[in-house]
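Visitor: Here the structure of chain R is known, so what remains is to put chain P in place on it, guided by the hints.
Line order of the protein sequences matches chains R and P.
First residue of the first sequence: 4, per the working numbering; consecutive thereafter.
First residue of the second sequence: 9, per the working numbering; consecutive thereafter.
Careful, some of the hints might be misleading.
Simulated crosslink set (PhoX-like; lysine-lysine; CA at most 20 Å straight-line) [stated by the list, open to error]:
no.: 1; chain 1: R; residue 1: Lys5; chain 2: R; residue 2: Lys43
no.: 2; chain 1: R; residue 1: Lys14; chain 2: R; residue 2: Lys81
no.: 3; chain 1: R; residue 1: Lys100; chain 2: R; residue 2: Lys40
no.: 4; chain 1: R; residue 1: Lys81; chain 2: P; residue 2: Lys86
no.: 5; chain 1: R; residue 1: Lys81; chain 2: P; residue 2: Lys19
no.: 6; chain 1: P; residue 1: Lys86; chain 2: R; residue 2: Lys14
no.: 7; chain 1: R; residue 1: Lys81; chain 2: R; residue 2: Lys43
no.: 8; chain 1: R; residue 1: Lys40; chain 2: R; residue 2: Lys5
no.: 9; chain 1: P; residue 1: Lys10; chain 2: P; residue 2: Lys98
With beta-carbon atoms standing in for the labels, derived distance ranges [said to hold, decoys possible]:
no.: 10; chain 1: R; residue 1: Ser128; chain 2: P; residue 2: Gly117; range: 23 to 31 Å
no.: 11; chain 1: P; residue 1: Val119; chain 2: R; residue 2: Gly112; range: 52 to 60 Å
no.: 12; chain 1: R; residue 1: Ala15; chain 2: P; residue 2: Thr56; range: 24 to 32 Å
no.: 13; chain 1: P; residue 1: Ala20; chain 2: R; residue 2: Gly133; range: 13 to 21 Å
Hint data in this document are derived by calculation from the structure and do not stem from the laboratory.
Built from N, CA and C at the ideal position, the CB exists for glycine as well.
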Amino acid sequence: MKYILMMNGTKAHFSEYAKWSKKDMEANVAFMRAFSKQLKDEGVYVATEGLGWPDQAKLVRADKDGTPITDGVFPESKEFLAGYWIVDVESPEQAYKIAARASAAPGPGGASSNVPIEVRQVLGSHSDLGL
Amino acid sequence: MKYILLMSGTKAGVDTYVAWSKKDIDAHMTVLKCLNKELTESGEFVGTEGLARPDQAIVVRGQKAGMPITDGIFPEAKEFLLGYWIVDVKTRERAYEIASRISIAPGPGGVPTNMPIEVRQIVSLSAKS
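The shape of chain R in the complex, shown without the other chains (with noise of 0.2 Å):
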């Protein structure tokens, strides 16, 4: 089974993150990259991604004729994407471990971040909505 662990956060949290010391927030990038070659080595690694600053995200829908219409207006307490892992393991409390470990990243002064994981199944096929 397939699932994201999805790191969430509103734009105050990314502003407070960009203010971490250089060397907290060394500390936090070398220990995502050590987790992720951990995965890897535990064989449940599948993909993991980062996303770029709130502030540079758009909404789009179209125009009637199909033309991009692009938006960057979001409510303040609008939660943004900040980064995911996928694993594959046999559990979901396999899953809920893994983000528990993300969740204890280190933050400023090295203390736990303590930030919470969104954990979600990821889909083999749109028919296990069971539509």
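Guide: Positioned in the frame of chain R, the structure of chain P alone reads:
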């Protein structure tokens, strides 16, 4: 440049979607499948995934001992990721064009869903540091 196109919705939005007729859902999926094929042929397709229903979503934090604390309570207004596409394109505008194609995929009665698609650039860890 890689971009991720995110389709999100509230629980209420997902409930509406699953109540669509089979014909409407099939028509919707056919258009999205054609788009995937087109992007594969143009060499812009990187990946796509659909996520399970929001009512199965869990939030996890790590306890001191590293054991997971799980919670499935979300605000009503929470926008859940429903699925995404990753495309590798020459310009940001091309990513917007592809997103608008997804937005005009047909909904009930063949009327475009007009769903907003969030477009974000993908950055590697090394680029961020």
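Visitor: State for each hint whether it applies.
Guide: How the hints compare with the structure:
Taking the CA atoms of Lys5/R and Lys43/R, the gap is about 14 Å. The hint holds against a cut of 20 Å. With a C-alpha separation of about 8 Å, the suggested pair Lys14/R and Lys81/R falls inside the 20 Å cut-off, and the hint holds. As the CA atoms of Lys100/R and Lys40/R are separated by approximately 16 Å, the hinted pair is consistent with the 20 Å bound. This hinted pair checks out: Lys81/R and Lys86/P have alpha carbons roughly 8 Å apart, not beyond 20 Å.
This hinted pair checks out: Lys81/R and Lys19/P have alpha carbons roughly 15 Å apart, not beyond 20 Å. Using a Cα cut-off of 20 Å, the hinted pair Lys86/P and Lys14/R holds, with the two alpha carbons roughly 15 Å apart. Between Lys81/R and Lys43/R, the direct Cα distance comes to roughly 32 Å. Violation of the 20 Å bound is thereby established for this hinted pair. At roughly 18 Å between alpha-carbon atoms, Lys40/R and Lys5/R fall within 20 Å of each other, so this suggested pair holds.
Proximity of Lys10/P to Lys98/P is assessed by CA-CA distance (about 9 Å); at most 20 Å being required, the pair is judged to hold. With their beta carbons about 25 Å apart, Ser128/R and Gly117/P fall inside the hinted range of 23 to 31 Å. A beta carbon spacing of about 54 Å between Val119/P and Gly112/R agrees with the range 52 to 60 Å that was offered as a hint. With their beta carbons about 31 Å apart, Ala15/R and Thr56/P fall inside the hinted range of 24 to 32 Å.
With their beta carbons about 18 Å apart, Ala20/P and Gly133/R fall inside the hinted range of 13 to 21 Å.
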